[in-house]
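Enquirer: Protein chains in written order, with our numbering: chain A, 1 to 170; chain B, 1 to 170.
Hints should not be assumed to be uniformly reliable.
[What the hints assert, rightly or not] Label-pair restraints from in silico Cβ distances:
#	chain 1	residue 1	chain 2	residue 2	range
1	B	Asp33	A	Ala123	55 to 65 Å
2	B	Ala80	A	Glu73	21 to 31 Å
3	B	Asp160	A	Thr149	45 to 55 Å
4	A	Glu73	B	Gly108	22 to 32 Å
If you are wondering where the hints come from, they were derived from the structure by calculation, not from laboratory data.
Given the structure is predicted, the values throughout are model-derived calculations rather than measurements.
Glycine included, each C-beta is placed from N, C-alpha and C at the ideal position.
Residue-level listing of the chains:
There are 2 protein chains.
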Amino acid sequence: MNIETKPCTSIGRISGIAVLALLTTVFTALAADDAVDYPGDYRHWQHVKSMLIEPGHPLHAAFGGLHHIYANELASTGYASGSFPDGSVLVFDLLDVTAADHAVTEAGRKVLGVMQKDAARYADTGGWGFEGFAGGDPEQRVVGADAATACFACHQPHADTDYVFSQWRD
Amino acid sequence: MNIETKPCTSIGRISGIAVLALLTTVFTALAADDAVDYPGDYRHWQHVKSMLIEPGHPLHAAFGGLHHIYANELASTGYASGSFPDGSVLVFDLLDVTAADHAVTEAGRKVLGVMQKDAARYADTGGWGFEGFAGGDPEQRVVGADAATACFACHQPHADTDYVFSQWRD
Numbered sequence: 001m002n003i004e005t006k007p008c009t010s011i012g013r014i015s016g017i018a019v020l021a022l023l024t025t026v027f028t029a030l031a032a033d034d035a036v037d038y039p040g041d042y043r044h045w046q047h048v049k050s051m052l053i054e055p056g057h058p059l060h061a062a063f064g065g066l067h068h069i070y071a072n073e074l075a076s077t078g079y080a081s082g083s084f085p086d087g088s089v090l091v092f093d094l095l096d097v098t099a100a101d102h103a104v105t106e107a108g109r110k111v112l113g114v115m116q117k118d119a120a121r122y123a124d125t126g127g128w129g130f131e132g133f134a135g136g137d138p139e140q141r142v143v144g145a146d147a148a149t150a151c152f153a154c155h156q157p158h159a160d161t162d163y164v165f166s167q168w169r170d
Numbered sequence: 001m002n003i004e005t006k007p008c009t010s011i012g013r014i015s016g017i018a019v020l021a022l023l024t025t026v027f028t029a030l031a032a033d034d035a036v037d038y039p040g041d042y043r044h045w046q047h048v049k050s051m052l053i054e055p056g057h058p059l060h061a062a063f064g065g066l067h068h069i070y071a072n073e074l075a076s077t078g079y080a081s082g083s084f085p086d087g088s089v090l091v092f093d094l095l096d097v098t099a100a101d102h103a104v105t106e107a108g109r110k111v112l113g114v115m116q117k118d119a120a121r122y123a124d125t126g127g128w129g130f131e132g133f134a135g136g137d138p139e140q141r142v143v144g145a146d147a148a149t150a151c152f153a154c155h156q157p158h159a160d161t162d163y164v165f166s167q168w169r170d
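Full structure from sequences and hints, please.
Expert: So this is what it looks like as structure tokens:
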């Protein structure tokens, strides 16, 4: 029995490892499917608006600096209609600043915030996927699975503008 | 003689008026030819960079507020090469700001500054035509014939970058 059992146990162990590996692969694939894309060409998108958040502002720790909002072509249509179609991408490009001699100039990138619309995929967060790339580095994701609490919680009250804070200005 | 002279004098006056009118027309046409075009679609051009000029800055009276630089497609190529081809247009979009609660937000447009490259037409000012549109109004030109003193005098030392102050940033 032992002789028979041992091989069975080994096979069981191997199978267990295989199943774990398979599950890991599946979940990784799912996570990759849900992952927000890095918007490689966003600097050539529509500039929507800008804002400077200074020391003393309640959001300074997270968003202090000068940020620019950029919209891809699909997202640009959403500002007028109030509803952003799937494929819309909005970028929150947060730059550090140098304040000197009564002027505020742009410095290095702090974080690149991204909202990517896919109503089905991101149904739990208003149809938007959220991600932040530290320093604008595609490899440095700072939101990941925390989109609901780290991002959507603040966007949720803005359902009337499809959870988007920014407004188009001429 | 008087009878003859009077008609002659009248004709002379009419001719004088006609010549004046003709010259006015010619000069107006020349002025119109040299006039910098209003860049109707600049808000959809490439956003190059931004800067905030605060009270106390030596240029605050003229340029105080948050400005964004936009470049049309031809001008976008100039930042890399250091030479801007004819047809390049750069816009200095100066917005008033509201500074409150440790945040600086965009307000109304103060002036829309425009540089338009035409090496032959604007040979006296580095190949660039300069204009400012108060409030962004195409009808409110504030530079006109004063480009050399009102604009180019400050740009002239920057011949090494084709008289352009702004630099491209990623």
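Enquirer: If a hint holds in the structure, say so; if it does not, say that too.
Expert: Hints, one by one, checked against the model:
no.: 1; hint: Asp33(B) to Ala123(A): 55 to 65 Å; verdict: holds, 59 Å
no.: 2; hint: Ala80(B) to Glu73(A): 21 to 31 Å; verdict: holds, 24 Å
no.: 3; hint: Asp160(B) to Thr149(A): 45 to 55 Å; verdict: holds, 51 Å
no.: 4; hint: Glu73(A) to Gly108(B): 22 to 32 Å; verdict: holds, 27 Å
The structure is consistent with each of the numbered hints, conforming to all of them.
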